[in-house]
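Colleague: So you can see what is in the structure, the chains are spelled out below.
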Amino acid sequence: MEKILVGLKRVVDYNVRVRVKSDGSGVDTDGVKMSINPFDEIALEEALRIRERGEAKEVIVVSIGTSEAQQQLRTGLAMGADRAILVESTTAVDPLTSAKMFLKLIEKENPDLVILGKQAIDNDNIQTGQMLAALWGRPQATFASELVFDGNRAKVTREVDIGLETIEIDLPAVITADLRLNEPRYVKLPDIMKAKKKPLEQISAADLAVATVNALVESAYEPPQQRQKGIMVSDVPELVAALKDKGLV
Amino acid sequence: MSKVLVIAEHDGNKLNASTAKCVACASGIPDSEIHVVIFASAGEKLAADAAGLASVDKVMYVDNSSNEHALAAVLAPQIVSLAGDYTHIFGPSTTFGKDLMPRVAALLDVNQISDVMEVIGSHSFKRPIYAGNAILTVEAPEGTAVVATVRTASYRAVGNGGAAPVEQITVSADLPQHTRFVSLQAGKSDRPDLQTASKVVSGGRALASSENFEIIFRLAEALGAGVGASRAAVDAGYVPNELQVGQTGKIIAPDLYIAIGISGAIQHLTGIKDAGTIVAINKDADAPIFDVADIGLVGDLFKIIPELEKAIRS
Ligand SMILES: Cc1cc2nc3c(=O)[nH]c(=O)nc-3n(C[C@H](O)[C@H](O)[C@H](O)COP(=O)(O)OP(=O)(O)OC[C@H]3O[C@@H](n4cnc5c(N)ncnc54)[C@H](O)[C@@H]3O)c2cc1C
Numbered sequence: 028m029e030k031i032l033v034g035l036k037r038v039v040d041y042n043v044r045v046r047v048k049s050d051g052s053g054v055d056t057d058g059v060k061m062s063i064n065p066f067d068e069i070a071l072e073e074a075l076r077i078r079e080r081g082e083a084k085e086v087i088v089v090s091i092g093t094s095e096a097q098q099q100l101r102t103g104l105a106m107g108a109d110r111a112i113l114v115e116s117t118t119a120v121d122p123l124t125s126a127k128m129f130l131k132l133i134e135k136e137n138p139d140l141v142i143l144g145k146q147a148i149d150n151d152n153i154q155t156g157q158m159l160a161a162l163w164g165r166p167q168a169t170f171a172s173e174l175v176f177d178g179n180r181a182k183v184t185r186e187v188d189i190g191l192e193t194i195e196i197d198l199p200a201v202i203t204a205d206l207r208l209n210e211p212r213y214v215k216l217p218d219i220m221k222a223k224k225k226p227l228e229q230i231s232a233a234d235l236a237v238a239t240v241n242a243l244v245e246s247a248y249e250p251p252q253q254r255q256k257g258i259m260v261s262d263v264p265e266l267v268a269a270l271k272d273k274g275l276v
Numbered sequence: 127m128s129k130v131l132v133i134a135e136h137d138g139n140k141l142n143a144s145t146a147k148c149v150a151c152a153s154g155i156p157d158s159e160i161h162v163v164i165f166a167s168a169g170e171k172l173a174a175d176a177a178g179l180a181s182v183d184k185v186m187y188v189d190n191s192s193n194e195h196a197l198a199a200v201l202a203p204q205i206v207s208l209a210g211d212y213t214h215i216f217g218p219s220t221t222f223g224k225d226l227m228p229r230v231a232a233l234l235d236v237n238q239i240s241d242v243m244e245v246i247g248s249h250s251f252k253r254p255i256y257a258g259n260a261i262l263t264v265e266a267p268e269g270t271a272v273v274a275t276v277r278t279a280s281y282r283a284v285g286n287g288g289a290a291p292v293e294q295i296t297v298s299a300d301l302p303q304h305t306r307f308v309s310l311q312a313g314k315s316d317r318p319d320l321q322t323a324s325k326v327v328s329g330g331r332a333l334a335s336s337e338n339f340e341i342i343f344r345l346a347e348a349l350g351a352g353v354g355a356s357r358a359a360v361d362a363g364y365v366p367n368e369l370q371v372g373q374t375g376k377i378i379a380p381d382l383y384i385a386i387g388i389s390g391a392i393q394h395l396t397g398i399k400d401a402g403t404i405v406a407i408n409k410d411a412d413a414p415i416f417d418v419a420d421i422g423l424v425g426d427l428f429k430i431i432p433e434l435e436k437a438i439r440s
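Line by line, the protein sequences are chains A and B. Each residue of the first sequence is one higher than the last, beginning at 28 in the numbering used here. Each residue of the second sequence is one higher than the last, beginning at 127 in the numbering used here.
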């Protein structure tokens with residue numbers, strides 16, 4: 028393989044407990060910690076391992092987002108990506124539009140493989156990889172937990188509801204990473220320094236000339252119904268009695 | 127008037143319960159006609175089962191050996207060729223639907239609404255975002271198909287008693303050869319299914335080994351419950367991946383959920399928000415799981431669980 032393209036989305040860190048703004052206009056992201064979407068980090072780690080095994084030559088990280096997403100791209104470069112592309116957009120980009128933007132980059136870069144995270148933990152949409160594969164007319168292997176390459180093909184094990192499914196796909200293709208694909212490496216300080224010198228190309232979303240169509244309108248945000256703290260019991264007989272009370276045993 | 131096409135999920139022999147839940151969601155769309163389509167290698171019996179679901183107006187099935195195993199790249203063009211005048215195309219928010227429906231949406235050049243938890247109107251829906259920490263209302267544009275996945279934990283399966291007409295149909299679509307099924311390693315099926323079980327017992331990192339996890343299986347057996355696990359327990363290899371409950375595992379809504387040695391991380395809680403009664407057993411009185419538990423018991427699970435199993439069996 029020559030090139031692998033990896034998507035890195037900047038999202039609210041998974042440790043932050045997100046709250047809805049009191050006026051219902053959105054969620055409060057002021058001053059909260061932002062990180063690479065955890066699944067995208069796994070996607071990048073996998074691409075790096077493929078390159079380190081000598082099965083690919085170049086790993087390119089791509090982010091579609093505000094100029095602040097440069098931070099996440101720099102982290103990706105520090106992890107080991109060769110270069111980065113930021114598609115700069117001041118407004119949120121929906122999955123269909125993102126997929127179309129990735130497709131434009133694919134037309135330019137001709138990667139053999141695109142690896143994205145299976146979902147972004149902000150909108151939990153689980154769509155972009157599948158949409159990209161559809162528009163590209165290429166295979167998709169979502170929720171991947173193991174990849175094995177054999178020339179122009181890949182065998183991908185997928186985490187599905189009833190267990191593990193293995194499919195074989197022809198390359199080029201889109202793969203989306205699940206949690207157990209690998210454990211991403213930690214970034215070391217010297218790598219952060221080195222990453223500052225790696226190329227980070229910035230293009231404006233407008234330059235890709237992708238029109239947003241059939242947008243969904245986000246009309247209201249509300250907090251979820253909270254569960255109430257219940258009772259504490261002190262031993263097993265009390266627990267069984269409480270369950271009996273509710274008719275559960 | 128809305129016309130909803132529901133994509134059935136099945137394993138070749140049986141409809142998955144998610145299908146009846148999608149129908150339940152679709153029936154919440156005002157003034158809707160509901161069609162179910164089955165893609166299989168031999169779909170006649172599955173179609174008859176779907177025809178028996180309440181609220182279904184028509185069932186279609188497409189027999190093709192290429193449809194023996196559900197591959198999104200193979201199914202999506204067939205669904206698109208049927209899309210015609212349907213106002214809505216629904217699939218379940220299971221790994222089957224999550225894989226398939228965005229591929230359909232992209233081919234129709236529409237965005238997808240993921241995880242519908244409430245239908246407000248024909249083009250207005252509620253869905254969870256940020257691991258369920260916020261609920262978003264979205265409006266889909268009129269004039270294009272609404273492609274959506276249905277958050278199955280938010281719906282009760284429709285009952286039987288339907289008698290919809292069944293039609294075998296053929297579709298003309300170019301089916302790609304670039305994606306091939308190789309194998310499926312399915313979990314044990316001698317236990318109640320995690321996604322539909324009315325009771326679920328879950329174990330976490332505290333179990334510390336797959337041998338120890340046996341006490342969870344034994345308690346579940348005593349209760350007639352399904353078994354689940356936290357991500358930490360799955361990552362550590364105590365149990366297989368299909369048992370993971372949470373944001374990135376299964377979202378479930380049993381009447382009774384017993385969390386044992388699970389701390390209650392947001393990502394785990396997302397999976398059990400709709401459970402009837404949550405019981406937490408944890409040695410740390412400050413564990414966040416107790417904030418959402420209806421019944422809490424502080425203590426060492428290795429003492430409590432065998433005792434609880436005994437008490438339930440007697
Ligand atoms: C992107 C992302 C997605 C994730 N998705 C999921 C998901 O889908 N599902 C999920 O579960 N997690 C998920 N996680 C992980 C989640 O954040 C937590 O790390 C995980 O849920 C912790 O599992 P645990 O509660 O078993 O382990 P821990 O947090 O380590 O908790 C173990 C608990 O056991 C208790 N304990 C220890 N010994 C005993 C004993 N002898 N008796 C009684 N209690 C004892 C401890 O007090 C502690 O509360 C995700 C994380 C990320 C970043």
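Because the hints were derived from the structure by calculation, they are not lab data. Warning: the hint list may mix true and false statements.
To be verified - Sample of chain B residues with no beta-carbon within 10 Å of chain A, all distances over it, derived: (1) E159; (2) T213; (3) S248; (4) T270; (5) G313; (6) R317; (7) E347; (8) R357; (9) E433.
Said to hold, decoys possible - 25 Å max Cα-Cα, derived DSS-like pairs, lysine-lysine: (10) K273/A x K184/B; (11) K271/A x K129/B; (12) K325/B x K184/B; (13) K256/A x K409/B; (14) K171/B x K273/A; (15) K429/B x K409/B; (16) K84/A x K225/A; (17) K273/A x K252/B; (18) K182/A x K314/B; (19) K171/B x K184/B; (20) K256/A x K325/B; (21) K314/B x K271/A; (22) K48/A x K252/B; (23) K184/B x K271/A; (24) K271/A x K171/B; (25) K273/A x K30/A.
To be verified - Computed footprint of chain A on chain B, listed as stretches where at least three residues anywhere in the stretch have a Cβ under 8 Å from a Cβ of chain A: (26) 172 to 178; (27) 235 to 242; (28) 363 to 373; (29) 389 to 401; (30) 408 to 420.
Cβ atoms here follow ideal geometry from the backbone N, Cα and C, with glycine treated the same way.
Colleague: Taking the numbered hints from earlier one at a time, note which ones the structure violates and give those numbers from smallest to largest.
Modeller: 4, 5, 8, 9, 10, 11, 12, 14, 17, 21, 23, 24, 25 and 26
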